[in-house]
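Next come the chains, spelled out residue by residue.
Protein chains: 2
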Amino acid sequence: RCFHFCKLPGRVMGIRLLRFTSVVIIVLLLVAGALTALLPTIKDDKLPNSRREPKTQSQSALDSFTLIMQTYNRTDLLLKLLNHYQAIPHLHKVIVVWNNIGEKTPEEMWNSLGPHPVPVVFKVQTVNRMRNRLQNFPDLETKAVLMMDDDTLVSAHDLAFAFSVWQQFPEHIVGFVPRKHISTPSGVYSYGSFELQNPALGNGDQYSMVLIGAAFFHRGYLEDFQQQPEAVYALIDETQNCDDIAMNFLVAKHTGKPSGVFVKPVDIRNLEKDTNSGYSGMWHRAEHLLQRSYCVNKLVNIYDGMPLKYSNIMISQFGFPNYANHKNKM
Amino acid sequence: RCFHFCKLPGRVMGIRLLRFTSVVIIVLLLVAGALTALLPTIKDDKLPNSRREPKTQSQSALDSFTLIMQTYNRTDLLLKLLNHYQAIPHLHKVIVVWNNIGEKTPEEMWNSLGPHPVPVVFKVQTVNRMRNRLQNFPDLETKAVLMMDDDTLVSAHDLAFAFSVWQQFPEHIVGFVPRKHISTPSGVYSYGSFELQNPALGNGDQYSMVLIGAAFFHRGYLEDFQQQPEAVYALIDETQNCDDIAMNFLVAKHTGKPSGVFVKPVDIRNLEKDTNSGYSGMWHRAEHLLQRSYCVNKLVNIYDGMPLKYSNIMISQFGFPNYANHKNKM
Chain A
1 RCFHFCKLPG RVMGIRLLRF TSVVIIVLLL VAGALTALLP TIKDDKLPNS
51 RREPKTQSQS ALDSFTLIMQ TYNRTDLLLK LLNHYQAIPH LHKVIVVWNN
101 IGEKTPEEMW NSLGPHPVPV VFKVQTVNRM RNRLQNFPDL ETKAVLMMDD
151 DTLVSAHDLA FAFSVWQQFP EHIVGFVPRK HISTPSGVYS YGSFELQNPA
201 LGNGDQYSMV LIGAAFFHRG YLEDFQQQPE AVYALIDETQ NCDDIAMNFL
251 VAKHTGKPSG VFVKPVDIRN LEKDTNSGYS GMWHRAEHLL QRSYCVNKLV
301 NIYDGMPLKY SNIMISQFGF PNYANHKNKM
Chain B
331 RCFHFCKLPG RVMGIRLLRF TSVVIIVLLL VAGALTALLP TIKDDKLPNS
381 RREPKTQSQS ALDSFTLIMQ TYNRTDLLLK LLNHYQAIPH LHKVIVVWNN
431 IGEKTPEEMW NSLGPHPVPV VFKVQTVNRM RNRLQNFPDL ETKAVLMMDD
481 DTLVSAHDLA FAFSVWQQFP EHIVGFVPRK HISTPSGVYS YGSFELQNPA
531 LGNGDQYSMV LIGAAFFHRG YLEDFQQQPE AVYALIDETQ NCDDIAMNFL
581 VAKHTGKPSG VFVKPVDIRN LEKDTNSGYS GMWHRAEHLL QRSYCVNKLV
631 NIYDGMPLKY SNIMISQFGF PNYANHKNKM
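The listed protein sequences correspond, in order, to chains A and B.
All letters in the first sequence, in the order written, are residues 1 to 330 by the working numbering.
All letters in the second sequence, in the order written, are residues 331 to 660 by the working numbering.
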């Protein structure tokens, strides 16, 4: 039987209904389309909290890293190092942080000498600041960052191995230069390397920091760095130093574990003697180490506690370079 | 106003009600008591699935380990080793798995030479089986097991360090003897050490097993081992070999990662030449290595796949024994 539909004046009503329904459908489709366009792109920028599998991303973004190299007054070394680093396996892109204020970057020359294995981006800075390299660069597409000083040459073998180690310890700073702090009875901390007394934690030595001038770490820590107390930036700017100590504090606070994992380098070289610029690097300043002890104590104040933890784990590559480097007299 | 209560014949009803209520209360209490007695004791024997903090247990059970040492026909070595191992830091107890069937244990002599730093338990076996050491001994009170062959001497420094490493990698076999398998184009696997070809995974060498005859692992794996297919026990009994390969398969399957973490020993010695018994150990049999390749292939059959994964991480102790063993020419 035909229901109340049929009771209406037949064909006219039918056409109006049809037209109305069509309009409704079209409007709904437009709204749906607009909503889809407004959906945010899902980004997996968060810091790893555990050993959770990475979300599905482009293969290269997961299996490669971005080199960030800050440079000041050593363009000859920069270019020598770029020729080396541009060909490192698993490198995705290079970001050069150009601290030579007012000076043209070598971008033109770089392009004229192409093609190059990976893109190199020159980020021109307005002020010569040590912490310029710790910006959250939008150019970053990979989870992993490799940070290098502009006078440090590390072999491809070391880098490939250290990158694989970082992939197993993504929440740590995985690098080649360990340092430590020690506490004294007065409560004042001091900063140093192996020549400093042991933290008295048993056999051997301990480290509590891995310097970021030759290390891999997760890009999330650059985001994190933007959220630090103003006093941290002031300290780094005042000393033009200690950005790496600050990063170790940040990572240690985040993980509650030792901030770094030390990978013993087979072939690491400091090229600063090779520069024509005559510029020797900040660590030659007389007050350099004293400043770093000063920074440790200031950061403890700022963060209201000492988050750094000791580790004595030293990682080397099994069977490399010496094929039998793991053998013993058993 | 007084309700239907009061309508009932006063005091008699009151007393009956009181009696009834008391009985109900007593019954409830008894039931509650019975239920409490039936509650299972909460044990945290489960294998670690992630880096979750250990539940609250006695301090010593968390910070110490149990040495399990199986022995056959080398009691002189056993006693020499017990004198060394009984004093290792963080040792909780020793379990000696006595495979000398029908022979008296040295327990009397051991007791007469007390006191000793830790308890030593002699577990008399009825059949001389290689896999006797993989029982889930009720004497185990610690999370960590240190398993040692009865001819292997590892220094206290190495053990203290390796134990601290295990505490950071509790789901792995952390030990001093790495081995690997390789696959061949025919699909047949072979077993070996560094003299075997590389798994062709890049620079250097790789390992896919850490032998349990000198290693720390979580006691949960002993429980796990009791749940394996019968064919695994048959294989181990048939060869009197390969229990350690089977354990590596088990661990790799459980974690989905490389089963072991290799800690490079500073001082590890094989004492088998020092024995008066003339007994040399199973690995001198002509067929020993061939058997182990055979076991790898059988286990792949039994488990329907190859779960072992490669690693090239080699861990050493920072600044020990050489105070500056991490320095480089930078």
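Quick caveat, the hints were computed from the structure, so don't treat them as lab data.
All values derive from a computational prediction rather than experimental measurement.
Incorrect hints may appear among the rest.
Here are the simulated lysine-lysine pairs, PhoX-like style, with alpha carbons at most 25 Å apart [claimed, not checked]:
| # | chain 1 | residue 1 | chain 2 | residue 2 |
| --- | --- | --- | --- | --- |
| 1 | A | K309 | B | K453 |
| 2 | A | K273 | A | K327 |
| 3 | B | K657 | B | K587 |
| 4 | B | K587 | B | K603 |
| 5 | B | K434 | A | K309 |
| 6 | A | K257 | B | K657 |
| 7 | B | K639 | A | K327 |
| 8 | A | K327 | B | K453 |
| 9 | B | K657 | A | K273 |
| 10 | B | K423 | A | K257 |
| 11 | B | K453 | B | K434 |
| 12 | A | K264 | B | K639 |
| 13 | A | K264 | A | K298 |
Structure-based check of all given hints:
no., hint, result
1, K309/A x K453/B, "42 Å, violated"
2, K273/A x K327/A, "37 Å, violated"
3, K657/B x K587/B, "31 Å, violated"
4, K587/B x K603/B, "37 Å, violated"
5, K434/B x K309/A, "50 Å, violated"
6, K257/A x K657/B, "24 Å, holds"
7, K639/B x K327/A, "21 Å, holds"
8, K327/A x K453/B, "34 Å, violated"
9, K657/B x K273/A, "19 Å, holds"
10, K423/B x K257/A, "30 Å, violated"
11, K453/B x K434/B, "11 Å, holds"
12, K264/A x K639/B, "23 Å, holds"
13, K264/A x K298/A, "30 Å, violated"
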